[in-house]
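Enquirer: Here is how the chains run, residue by residue.
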Amino acid sequence: MGSVIKDVTITDDHPSNFLKEKHSDYIEHYGSKHDVYEYKMSEYLRMCGLYWGLTAMDLLGNLNKMSREDVKRFVLTCQNDDGGFGACKDHDSHILHTLSAIQISMMYDLKDEINVEKTVEYICRLIQDDGSVMGDEWGEIDTRFNFCAVASLALLGCLNKIESKKEAIINYVLSCMNFDGGFGVRPGSESHAGQIYCCLGCLSILGALEHVDRESLGWWLAERQLPSGGLNGRPEKLPDLCYSWWVVASLKIIGKVQWIDKEKLTRFILACQDEETGGFADRPGDMVDPFHTLFGIAGLSLLKSTDNDVRDVNPVFCMSQDLLNNLGVKSSIIS
Amino acid sequence: MHGVLKVRTTAEQQEAKRIEREKKLKKLDSIKAKIFEKKKNNEFDEEILELTGGILSSIPDFLTLWNYRRKAIEKIEDKIELQKLCENELRFAKSCLQVNPKSYGSWHHLCFVMKYMPNPDWKKELDLCSLYLEYDERNFHCWDYRRFVVKNGCVSADDEIEFTSNKIASNFSNYSSWQYRSRLLPEKYPDPSQSRGIQSDILMSELDLVQNAFFTDPNDQSAWFYYRWLLTPDSPTLKLNFLQSYKQGDNLVIIVIFSKPVNKNKLSLKNNDELINTNWINISQDDIFIIHKCQVNDICMGNLSLYVDDQLQFSTIDVEKTRNDGFIFSEFTTGRIELSVDILKSQLENIQQLHDMEEDNKWVLITLIFLLMKIDQFNNYSELVNEYLEKLLRLDPSRKRYYQDLRSKIILEFYMKNYDITDVNLSNKELTSTKCNPISSFLLAKNIDLSNNKLTSIDNSHFWQNAEKINLSGNQLTNVTGIEHVLKLSQLDISNNNIKDIDELQNLKLCSNLSVVNLNGNPIQQVDNWQELLKNISSTIKFI
Ligand SMILES: [Zn+2]
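Protein chains in written order, with the numbering used here: chain A, 716 to 1050; chain B, 14 to 557.
So that you can see chain B by itself, here it is in the shape it has in the complex (with noise of 0.2 Å):
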């Protein structure tokens, strides 16, 4: 039940209302036991029109009531009257979303009726859909309908362009307008080597009407999540960013890091063209899926050869170096079609002058970072980008969260630009999250330390492949879920966090290396002998 009011009414009223529905119950009741006596019979006549449209005019969700309708429509063999019972269809279908314009077995009636009926007429039906749309312009199955007639009817992509940009003039406020042209723009302008895979001329011309919208009222969201879509680049293409492999024990561990999200399953290992028996795991706990890894026993000779599907993607896994000191291989592309930087200066300069005049306005700044970020990830912006972070959670307190990541990643990025630093400090940041580009996340790095941060959790530690010594005091954690991906770990410190249970550290013991833990500061200390407890995790790691 959707926007129904809750109202008083007088003892009197309700009885008379009583009354007035229990007679139209009854009714409903004698109309049904008549359609399911003629079901059993199979009479799908013209008396079951009757009796299913007095039920379905009130009741349009009945979607049983329809499917007898369409039997009875099947019936008919002469082309004349079947014309002529569809066009009756269409109408009492059409006076059953006079009462709920959101029915979904009115809409999927008209459908069937469209595609069953002799001599459809497709225009009548697309002026339908622009007269409803001028009611209500944002019913989602009215423009799914109109979807469907223009593919039926064959109506060109440049009529309906027309047709959103005649919407979006007479209201800029209209997302579906902006997420019809998402897909029509590609489709009628086609061009996979521009951004977007939209041809550069019509993407300019683009980025002015959704300027002008935010301009106009820039407080609505729509043309904000359109603009920031057109000037993302597409998904990137599947490239491989990173593989280390070293040795470990009898066997060969191997880690691989891709540009984007890839199921293990597609994932395989060939020597010689041979296929290597290996498990691959998603290493992290919250399958990113871009970092997999794993383990192969030890092969004497020659290199290997990684592929998805059936693409290779990289040839040699240097086995003889592999054995010795490791092996690393890395180059960073994102595979993305990125807009030049003059489209963009030239883009943040408008941006900017709407900043001028609607300084607390959260969209504005959110595109200013936007914008900033992309044109300059690493250099002059990140006071300014602060600036505006920091205006924003004022702002908008709800997403405070969501701003603090995003903080914490534009920190993160900025710091590690430098990929292969092996020494990472990042203590007194205000981190709320270590999430962030594949490419920052301390990849290489043997010591990192990011105490005196707003952490809860250990979320980014599946790409820690390489570090021994972890400084984590001074944060949130509850909990040191995430540290069993540092298999090279040996000393850990997570003093002054909030930890209270000694079931939460079982994950220490998975840590085979892993010699000293600091505790202190943590309420776990209150915990009777909680000394010995720890005993019991591990004999080999010695607790503070």
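The following block holds chain A by itself, in its conformation from the complex (with noise of 0.2 Å):
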């Protein structure tokens, strides 16, 4: 008895050139067009939807095409009173849009109309005394919510906040480390690639990356790869487009990203884009959207593989670096 490895194959018909400007039409006119019903079946995550939307077009260079004004109304009409941000004006608060709206805010330069005060006391209120963090007042506990906190606090600038709960996040993140070096949603979960990502991302923004068992936690990860050059986030799993972010940003964290091929890598995600509509997909010859698109083009920058055509992104906060070198927000890397 033999397993199959579960992947899938590229062929000369999906496409091996970056189509930038294709993606920046998806991006800039999504919901507007043939992904209407889509786009509003999804306003669940809207808050997300839209960072990852603005982000890749940050990253290509073509945030001007976005409207300020209108992003700018609706991240300030889903501020609650409780000071979190809702997916869309009306929905309740939740960590992973407050930190959507923040890194919106940052991209936008808008600070100072959002109630910062406010923010960071919704921020602290989700921290619990063991280091975990609720994703809102309905206690769901999760690693990812970890990294949305502290990520959150670093971008305003108010990570001095949990000074005296940095020791107890550290422990608890460290609390979800398994045999094999990753991290999983709770103490005791299963090691995943998104997870992993979040851990690290926390860690490395408290500083305390030295817990991290960087040989053994590199090595799983660059078993990620398969034979087509796609990345699956646990063992025996498919090949998916947004683990080339999930483990390709670990891996840089980390210091070991050149322990997978990124040429591989590279043919994989440029085939998941779609030639017709622009955008990328989960897998080749799969609908695009804009969570993809996101990771597909962060994924090639951080691979440098498509030369000067994307900038700079950050492996911690899925950001471009220049804009995080000009608010001075830092987070380690090792190399």
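Worth flagging that the hints you see were computed from the coordinates, not collected in a lab. Everything numeric in this text was worked out from a predicted model, so none of it was measured. The C-beta atom is built at its ideal place from N, Cα and C for all residues, glycine as well. It cannot be assumed that every hint is accurate.
Said to hold, decoys possible - For each label pair, taking beta carbons as the anchor points, the in silico distance ranges come out as:
#1 E147(B) to S782(A): 48 to 56 Å
#2 D1027(A) to D322(B): 36 to 44 Å
#3 E147(B) to S890(A): 24 to 32 Å
#4 D1024(A) to K30(B): 32 to 40 Å
#5 D728(A) to K30(B): 22 to 30 Å
#6 N292(B) to G1043(A): 16 to 24 Å
#7 R1026(A) to K555(B): 52 to 60 Å
#8 S879(A) to D204(B): 30 to 38 Å
Fit chain to chain and form the complex, with the hints in mind.
Expert: So, in structure tokens, the structure goes:
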């Protein structure tokens, strides 16, 4: 008995050049052309979606094509009385959308327009004494939220507000570390590349990467690469474009990105483009969406495989490096 | 959007779809309007359950609507009514999972309701998890919900170990089950004196079980990762491995190396119980956290003591000696509990058997190297290890650099088994990296020859604290980043590399003792008046 590797095949029919202008068009007109239905059905993640689209445009150097006024109006209407942000107007606050709103605010210099003090209070309320972080007042616990909380505060320049909880947060994240060096959703949960990215990002911002077993984790992450060049997020799973971000950003943070085959991965990423509509899908031939479009573009940026067509992305915040330099926001990365 | 195939449709089909979708959107809008109206009036009643249900059943990640349902639940005071409502909620959330088994919102709702309801039936939920895991044995949401049920329903670790045993028996390729066992075994059968903190007889039978798995299917990663973990000792306890102090100008320089990473904020120096104001730095640009350095103003008398947190690590840094010709302490212990050599050897035998049957299996080769290095790192096996590595480079070219780095590490550690070598000669070894165990990192070397390798960066120089002459000629360096850590450096040979840009040499000026640099055969020599530009970097360094 032999296990069959779950993978896809890339052929010459799939795109192999970077379709920069098409992606820019796709994002610019997202929600107004063919994808009205999809857009309306996804209102529950609108704020995150806006962040994906705007960051993609920023990395393409085309942020000026988006309307700052529209974005500003939208973001401001999503801040609730509790200080957090919802996905849309009238939606309840959640840490996922709060981080996205803050990231967008940084891109458009809206820090003075939002109520920073209340936002910070909201985030701090979600951080528990044991270092775990709730997604909202209803108590879901997930290491993704540790990243959201810490990244949000770092972007707002308010990390000092959690000085007394820093140690607990680090220890909680470490309690989610597994036998393979990776991290899961909660203590005991299986390692997953998305959670690994979040945990490494959190430790990076808090300056605590020394606890990470870089050899074991680097090897496990390198083994996410499949013969097609694409990456999966866990052993024995199919490749998916978004792992080009979660895995490669994680490898970048621990200084082991050279352990995968960049050329093959680049080919996989490019094959996930849609030549007709622009945008990227999870796998070659699937439907595109803004989420995978951002992570396709950001992945190419990390791999530095499109020469100067994409701006440098920061592997911790998934925002343009220039912007973070201007803001003076720091994270540690092992080289 | 995941796994949604793009299909071509006719104009007719498209039109039909458009009309249908328009209808759907209209309906969605009207329900939403009603819901938000009720929310405004704080009416979290039965109707809100019905309305939100209409949307959640097709959009289960609409978190705000789950929140409204919970608000409705919280309004109920009557126990019996509440129990009934909660049972309905469980049913509803599960029906949403049928639509999307990965919906975070639905899984969290289950947790909330189970905790909130008067008489939760944990057994029923556990059975449900078992059933779900039959359909998809890797759904991590379901595994996590299972662990939630186990914890709250007081299910024993024994039962869970048995559950994973059965899962593995029916399919060895089950990463989730192996992962769960890595948590359950140390919890159920603890023995801190043994490798992995697991009682030794349990550990042995676990090794058998996992061997069964990869003998059945040698290409399945799951078992190999788990096997590696079982054979790897726990993380080390904190030990001071190396301490050097010497005089530099008016200051004492102190360098410390630990057995495991330590944050610099935890380090302190005391002189007769009095804290000394020092600024520790992680020496390495890559924040390896094992090696730290500080400078203190020359202290006239007595001994210094080193602390990590408040624990004494070293009590007598001899200031007198330090002032004369320097002071070195070294005691390399890993602080790990290793498996006995006998056990490792019997494991090796088994894997070699598998290798005879599966010559080209990369997992077998990787594991053989791992075991050989553990059993006898410094002696008999270097040729065999090299042969396996060559084969891996051929079989698995995508991870070429991983194997090259591993080979480099093995070569370095083999060569530096006597860590106090002062003349290091490692030219022509195909090294891609000089990262290795700190013990083997040329700590005391005065001359380091790494010429004619494949180095693309200077990646371990923070350990080269005593180096005066370094030869890096014939590599693939594009810059000299890292050289600034080698403060005693006086002669540097970087001829025949790939340095193109004068700016990439700026770090050289940070080495205050540097007198000669050989730059021959670098593209930089094609830059107009490169010699003049070099003078701007430093007037005291002689560039050849
Ligand atoms: Zn994806």
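Enquirer: Taking the numbered hints from earlier one at a time, note which ones the structure violates and give those numbers from smallest to largest.
Expert: Those not satisfied come down to hint 7.
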